[in-house]
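Asks: If you're matching them up, the sequences are chains A and B in order. Plus 25 on top of the position in the first sequence (first one is 1) and you've got my numbering. One point on numbering: in my numbering, the residue at position 18 of the second sequence is 3, and numbering is uninterrupted.
Please keep in mind that the hints were generated in silico from the structure rather than gathered at the bench. A quick note: this is a predicted structure, and the numbers were derived from the prediction, not measured. The beta carbon of each residue, even a glycine, is placed where N, CA and C say it ideally should be. One should not assume that every hint holds.
In silico DSS-like pairs for lysine-lysine, Cα to Cα no more than 25 Å straight-line [what the hints assert, rightly or not]:
| hint | chain 1 | residue 1 | chain 2 | residue 2 |
| --- | --- | --- | --- | --- |
| 1 | B | K472 | B | K459 |
| 2 | B | K264 | B | K141 |
| 3 | B | K264 | A | K83 |
| 4 | B | K459 | B | K341 |
| 5 | B | K88 | A | K135 |
| 6 | B | K393 | A | K83 |
| 7 | B | K341 | B | K141 |
| 8 | B | K264 | B | K88 |
| 9 | A | K62 | A | K112 |
Restraint-style ranges between C-beta atoms, simulated for each label pair [unchecked claim]:
| hint | chain 1 | residue 1 | chain 2 | residue 2 | range |
| --- | --- | --- | --- | --- | --- |
| 10 | A | S81 | B | G189 | 56 to 62 Å |
| 11 | A | K112 | B | L28 | 37 to 43 Å |
| 12 | B | T285 | A | V44 | 24 to 30 Å |
| 13 | B | L28 | A | L131 | 17 to 23 Å |
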Amino acid sequence: MVEYLPILILFIIALGFAVTNVILSAIFGTQKPTAEKLTPYECGIDPVGSAHERFSVKFYLIAMIFVIFDIEVVFLYPWAVAFQSLKLFGFIEMVIFIGILFICYLYIWKRGGLEWE
Amino acid sequence: MANVSIMTFNILSILPILTLAGFGMIVLLVDILSSRKLGEKNLLAYLSLMGIIVAAILARNSTGTTLFSFNESFAIDNYSLFFNFIFLLSTGLVILISHSYIKREEINHGEYYALILFSTIGMMLMASGADLLNIYIGLEVMSISIYILTGFKRSKLISNEASLKYFLLGAFATGFLLYGISLVYGSTGAINLKQIAGFIADKGSISNPLLLMGMALIIIGLGFKVASVPFHAWVPDVYEGAPTTITAFMSVGPKAAAFAAFLRILMTAFGATHYEWQKIIYILALLTMTVGNVVAIAQTNVKRMLAYSSIAHAGYLLIALVAANDMGMSSVLFYILAYTFMNIGALAIVIIVSQKGDEFIQIHDFAGLGFKHPGLAVAMSLFMLSMAGIPPTAGFVGKFYIFSAAIKSGYIGLAVIGVINSVISVFYYLRIMVIMYMKEPTRDFNPLTLSPLIVVAIVLSVIGTLHLGIFPSKIMEIAQQSILILK
């Protein structure tokens, strides 16, 4: 267990650093709250209504689809780097992988997962 | 550039799984590309059945061999093949009983068949997992499909509730399993079951509390999946809320898969420390069968009653695990096969007797079935007798093997409690028979939905239950050969 001690020390230092800074800025910082400063930041635009409302479930769907195809690209990068040594085997493997994801894409498309209305 | 080594794999060993995956995707594609008005979707059921048959034929080709793939993390041997056949059989039977049911309940979507096939892939991965990580991946592939299938009656609140409950508790149990795996890895430096066994043989385990902790957490994670008490709270609600076909599916396949992994992990990796985990499993077995049987008596809903009966059967199987001898291990395999036939058969009859929207699913709705539909009543009686463990049925032989295994290992007390439990269970199984034959019908039976496929499933289950009960030795021999690999 002794070899894990540095990790524990790092953890304590990191936590201490963050907590100390929050406390220090709360004590020494000058605070002049105005109405504008207290509004939530929405890309610099004046906020329209409250953020605490129900969102359409479609956002969730789009986010999930995004993650799937995002991961696909993540897998493509190491494959591209190692392409020379993987040779034909790696190529076929990747074609199968993309093929499976293409079926997913077709499925999402045909089932109307990409339509907003 | 660094040289990348390609993992060796034997295409023969993963061919059945690849076949099922291929057929699953074909089902999805056919479903989305065919016009929606087609509606009937008979083709999808036949396609899925074909996939299962092809996978079974391919799996049969590798009997008697031991093939490893992916850095020895995936093993095809007699043991995993025996389980693969159980999974393929149960999935096939479930597809046979689903065909008319999902039409009646208006949940006739193509995804249904695809998800069942994908879930079967997960089970096969689990039974073939020779390292903890592969077992975990199989478990997830299996479970995630079933979470969706449980909530397949989207418009029914009870189905949604069941799905959410199963998902939340299942995710929590998976957390336990993963934590256990990471502790075992942390203390032994290996995830391969054989290497873990090697480490324990070298260093011993008593000096290593982390390893024992990891082992206990793995037992909790898998104990949830096999529905053992005290990790059983989800079972009745989920079994009741899920579509009845999915109840049949998840009371057999996932349970068998979890037992396959359970047995392999405990015997192969922790075989040397059996006196540590036998104590835990002993208590689990005792609680599981007692709670399952006693609470089942109070149920009035047939699906809930079968849910508690399924908990009780997991308890009997845990007795065989405690015995930890050859006979115990092979009787687990035998009993699961027997349970596949009798449970799917019983739920098939529940499907026929009930009406759309799970109407007529109370026990008293079976009243008078014996006069109106004698064939169904005889089949149901057979399944009930088999579950109660009365000869000449599969359930009797399975229980006989399990209890004799326990006595052989010196767990006479546990065997006695098992027999007492079996007697308790006779009450609620026979009650259904009494109601079927000795009560006047309280409802109109007439338009029963009898599609040819569901009849085939029931006939197969009847034949299986009787065959295993009258000629058990052949299957038992195969089971005994299958477990040789674990030692």
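Asks: Confirm or reject each hint.
Replies: Comparing the hints with the structure gives:
1. B:K472 - B:K459: Holds - the C-alpha atoms of B:K459 and B:K472 are around 22 Å apart, at most 25 Å.
2. B:K264 - B:K141: violated, 42 Å
3. B:K264 - A:K83: violated, 50 Å
4. B:K459 - B:K341: violated, 41 Å
5. B:K88 - A:K135: Holds, at roughly 22 Å.
6. B:K393 - A:K83: violated, 60 Å
7. B:K341 - B:K141: holds, 12 Å
8. B:K264 - B:K88: violated, 47 Å
9. A:K62 - A:K112: Violated, at about 58 Å.
10. A:S81 - B:G189: 56 to 62 Å: Holds - the Cβ-Cβ distance for A:S81 and B:G189, about 58 Å, lies within 56 to 62 Å.
11. A:K112 - B:L28: 37 to 43 Å: Hint holds: Cβ distance 40 Å, inside 37 to 43 Å.
12. B:T285 - A:V44: 24 to 30 Å: Given range 24 to 30 Å: violated, Cβ gap about 57 Å.
13. B:L28 - A:L131: 17 to 23 Å: The hinted range 17 to 23 Å holds for B:L28 and A:L131, with Cβ atoms some 18 Å apart.
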